[in-house]
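Asker: The listed protein sequences correspond, in order, to chains A and B. With numbering that gives the first Met the number 0 applied, the first sequence closes on residue 358, and no number is skipped along the way. With numbering that gives the first Met the number 0 applied, the second sequence closes on residue 358, and no number is skipped along the way.
Just so you know, the hints here were simulated from the structure itself, not pulled from any lab data. It should be emphasised that the depicted structure is a prediction, and the values quoted were computed from it without experimental measurement. There may be inaccurate statements among the hints.
[To be verified] One side only, chain B facing chain A, incomplete, derived with CB under 7 Å: (1) Arg-33; (2) Gly-34; (3) Ala-64; (4) Asp-74; (5) Thr-78; (6) Thr-204; (7) Tyr-290; (8) Ser-308; (9) Ala-335.
Even glycine gets a Cβ: it sits at the ideal position worked out from N, Cα and C.
There are 2 protein chains.
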Amino acid sequence: MIALPDGLDTPALVVDVDVMEQNIRSMAEALAARGVALRPHFKTPKIVEVARRQLAAGAAGLTCATIGEAEVLADAGITDVFIAYPVWASEPKAARLRALAERIDLSVGVDSVAGAGALAGARAGVRALVEVDCGNRRTGAAPEEAGVVAAAGADAGLDVAGVFTHGGQSYAPGEEPKRKAAEAEVAALDLAVRSLADRGLAAATVSAGSTPTAVLSARGVVTEERPGTYVFGDRMQLVIGSCTPDDIAAVVATTVVSTAVPGQFVLDAGAKTLAKDGAPWLAGHGAVMGYPDAVITRLFDHHAVCELSGGAPGPAAGEVVGVVPNHICPVVNLAAEVVVVRDGAEIDRWPVDARALNH
Amino acid sequence: MIALPDGLDTPALVVDVDVMEQNIRSMAEALAARGVALRPHFKTPKIVEVARRQLAAGAAGLTCATIGEAEVLADAGITDVFIAYPVWASEPKAARLRALAERIDLSVGVDSVAGAGALAGARAGVRALVEVDCGNRRTGAAPEEAGVVAAAGADAGLDVAGVFTHGGQSYAPGEEPKRKAAEAEVAALDLAVRSLADRGLAAATVSAGSTPTAVLSARGVVTEERPGTYVFGDRMQLVIGSCTPDDIAAVVATTVVSTAVPGQFVLDAGAKTLAKDGAPWLAGHGAVMGYPDAVITRLFDHHAVCELSGGAPGPAAGEVVGVVPNHICPVVNLAAEVVVVRDGAEIDRWPVDARALNH
């Protein structure tokens, strides 16, 4: 687990650069061994320095959720970006896409005939990838309808370059959900590729991805994977078995500000720092390092209330502890910067370049 | 309800300035009529322009949760600030308190003998207010122990100026929880004042507050109230009966990006925009304006999945809708700026000055 430097102002988001580098290398090597490209999702780190290190380790390009994230990458000189999201390309987003596509190689998701029409109407000069649903039931056309969307886009003048999916149903404990979600990704993409082929369209890019499934679905028709969370890890990935405690590269340093109410202690990291992401299979709002019996039962804007079961001793008021967040993506987005450490000593600070650029 | 301007880039946080001004006036007048000071909580708006308008309407000063928020107010020339939080005053926070107290009139919370000792040790020249717990079970000494904390602080050289509490248990539907929480605030503060008096200490400031209880507990020993959410309102305040639909001054404008999966529509405002705050008595992650049968059942980083019951018609892909957030405080903290509107037309943009300053 990460050792925290002394004297930090809290709450602060701390990143262990060596653990992060190991995560970057491991994923790159695992996918390279399978002959599948890695396009890490920038929505997790939102930090240009992290993206640069992922590219240096062999990533083919970056994935984004928003035009704002892609603009940050373009400003940093990163030139191959896929916005894996069904962007609705009306103004003013259409103008932003046009400006961006003049600067970088840009791909954008579509998941409907109407959306493809809007993107074609934007005349942005982007590549389009058709999103298909593999059981996550969020966005994405039915796989067998991918060709209908692709053909409509192509007829309207879009450069349709392939298909993509996200097996988000992989987020559950145990091996079975991960294996099934990976199978669902491959099967849906296979159907989608055939659906395009039926209309005489080729899928040069066939993209899957989530951290739990990234290695498992790197096979068959799949040409690239888009994991994001793997770079830092988090408590959900720990509990679902997609990382080990040694892979956790980011924790929130927070001070015990109160032990006034008996049976609990209170940290200065609230929902504006830890976020309220959780899951039915995850008790509490984060894991307090060094206090495995503590459960963060209530999270207010600026307070985390931690209850101790069975009379276990808690930290003293004034002590600084680390909390492994349930879900790291929203936590990074809440921070202005991360404190970069090596062997428990601060060596740098990195701004969260794409913080709040969720449009 | 707020009318949204055309052509917004989404997601965007929209504030109707006339509704906000009405909220500012109403609370100021209600407390002035009771002879109780209003010290609005800055953790809700985090926008200097809003704080200035609250002061112009008669507020006695501002409340903050963090030193960072207080620094923003000091930079804006606002000179009377209470950090209603048991700040643990070790370095580097001690140095920040010292620097701040040279610029403004600053009060800081303490809730234990040890915390009072740490604050005294910081030699910051701040006033201390003792926090007591009135049943919220978060922070705060037992009311009858307030004098022990105050006396320890005074002995260590602190200027102990009073007591405060927060009846957060008021957050529940119906009149009864609000009435009981307000009674608990007044009773706890009464006990705390007596506890100080027993040790020969006076409480010049006796401070209560939450938006649901602010007017109800403005009586007896109470000298000031610290509501925050009232300035914008939100869905929780609506459901618990602390505001009406006409009082909602802030909504998230968001675009329907997908209707590909049957029975639902998907918005581009996810957890990084709407936050995941909720309550057992509140279904879903926000209220979709104009579509009362829609429930935001799943909230991902960049997607809100809205399900429609009973075959009610939903919005079309590409349509921009407003979402009333469950809890406005974390939502403002997620935005870089707010779009200020009047009668449905954009008239200004205000930066969220204290965004991410949660330390």
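Asker: Which earlier hints turn out false for this structure, listed by number in ascending order?
Answerer: Per hint list: 1, 2, 4, 5, 6, 7, 8 violated.
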